[in-house]
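*Asks:* As a plain string of letters, each chain reads:
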Amino acid sequence: MIQAPSSNPSFESDFWKDANLRKTWDEIIPGEPRRTIPYKLTHEAIALFCKAVGETNPLYLDEAAAKAGPFGGLIAPPSIHILLMFACTPTDDWMRSPGTVNAGQSWSYNIPARPGDIITLQARALDKFIKRERLFVVHDNVFFNQNGEVICSGRGQTIRPM
Amino acid sequence: MTVTFDHLKIGDVIDGPVFSVSRESIRLFCDASLDYNPLHLDDEYMKGSFGKTNFGGIIMHSMNNFALITRMLTDWAQPSGAIHRRLETRWLKPVKPGDTIEPTGVIKSKQVTAKSRWALIDVIIHNQNGEHVAIGEAMVEFPVATKVG
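Protein sequence lines correspond, in order, to chains G and C.
Residue 1 is where the first sequence starts when you use this note's numbering, and the numbers rise one by one after that.
Residue 1001 is where the second sequence starts when you use this note's numbering, and the numbers rise one by one after that.
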């Protein structure tokens, strides 16, 4: 059994939980907004993400250096949306369906996320199709900070479990 | 080392970090990304097939590739005051514990727009056997106000 992550003890890390409530490929309606949950980004979560990918950039990790740098304070790496995607996704959402396979992504970056930001996600399936007997969904996602500014926006394709 | 838009040449190469993939690195990425899909955790589950695909064991998150390419691009761009603006990727091959992966970038073209300057970069990740596991394209902005030198 998987323990809840120390970085976020309330996060449900068992992806089988509520699996029966999630929409299958047949049930996903392109264009329909997904329900999402706001997430407070912390320095600890950023530091753990940096550790997992070997990031050592002082702009993400060293408060004094970051303060003297171009952003006037600590920021998160652009790729932090990888964490935000799951942090903002409720347990009954199809993005968590076990066996969901990532088939490619494209992301555009506007301004950096910062520790302390309250992040919100606007997301939906935009399209779905069948190719070589595989069931694809195209999803689009936009992350905002507490001031309503766009942090980043992206589109991904997943192959849905059959 | 810093680069300037004017001195950037088509074909210039950006070297990325070497990354060793292990069960531990994959588990750490689960905790860091909150992506606990059993694809990355559950050996029993991974004996099964997914549609037409059988991976034969747990696999690394493909977004670990994405984060590694991002690390390469920001490490290259930030010291010069350039900004990583876009990354598009496709996955070609699953990455497994024991693999070593390394991203590389190659400057494909330069573009000046009404208000800014852009470098378009082809990115590739290869594994220890020289196989390509991910490919993509990136856009890095060199704002006009950036100091030269």
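The set of hints was computed from the structure by calculation and includes no laboratory data.
Mixed in with the good hints, there may be bad ones.
In silico DSS-like links for lysine-lysine, alpha-carbon gap of 25 Å or less [as the list claims (entries may be wrong)]: (1) C:Lys1096 - G:Lys51; (2) C:Lys1009 - C:Lys1096; (3) C:Lys1108 - C:Lys1047; (4) C:Lys1093 - G:Lys17; (5) G:Lys131 - C:Lys1093; (6) G:Lys131 - C:Lys1108; (7) C:Lys1093 - G:Lys128.
*Asks:* Each hint: holds or not?
*Replies:* Here is what the structure says about each hint:
1. For the given pair, lysine 1096 of chain C sits about 19 Å from lysine 51 of chain G by alpha-carbon distance, which is consistent with the 25 Å threshold.
2. Using a Cα cut-off of 25 Å, the hinted pair lysine 1009 of chain C and lysine 1096 of chain C is violated, with the two alpha carbons roughly 35 Å apart.
3. Restraint check for lysine 1108 of chain C and lysine 1047 of chain C: the C-alpha separation of about 41 Å exceeds 25 Å, so the hint is violated.
4. For a cut-off of 25 Å, the pair hint linking lysine 1093 of chain C to lysine 17 of chain G is broken: about 29 Å separates their Cα positions.
5. A hinted pair counts as satisfied when its Cα atoms are at most 25 Å apart, and lysine 131 of chain G with lysine 1093 of chain C qualifies at roughly 18 Å.
6. Using a Cα cut-off of 25 Å, the hinted pair lysine 131 of chain G and lysine 1108 of chain C is violated, with the two alpha carbons roughly 30 Å apart.
7. About 23 Å separates the Cα atoms of lysine 1093 of chain C and lysine 128 of chain G, which keeps this hinted pair within 25 Å; it holds.
The structure does not agree with the numbered hints 2, 3, 4, 6 stated previously, though it agrees with the rest.
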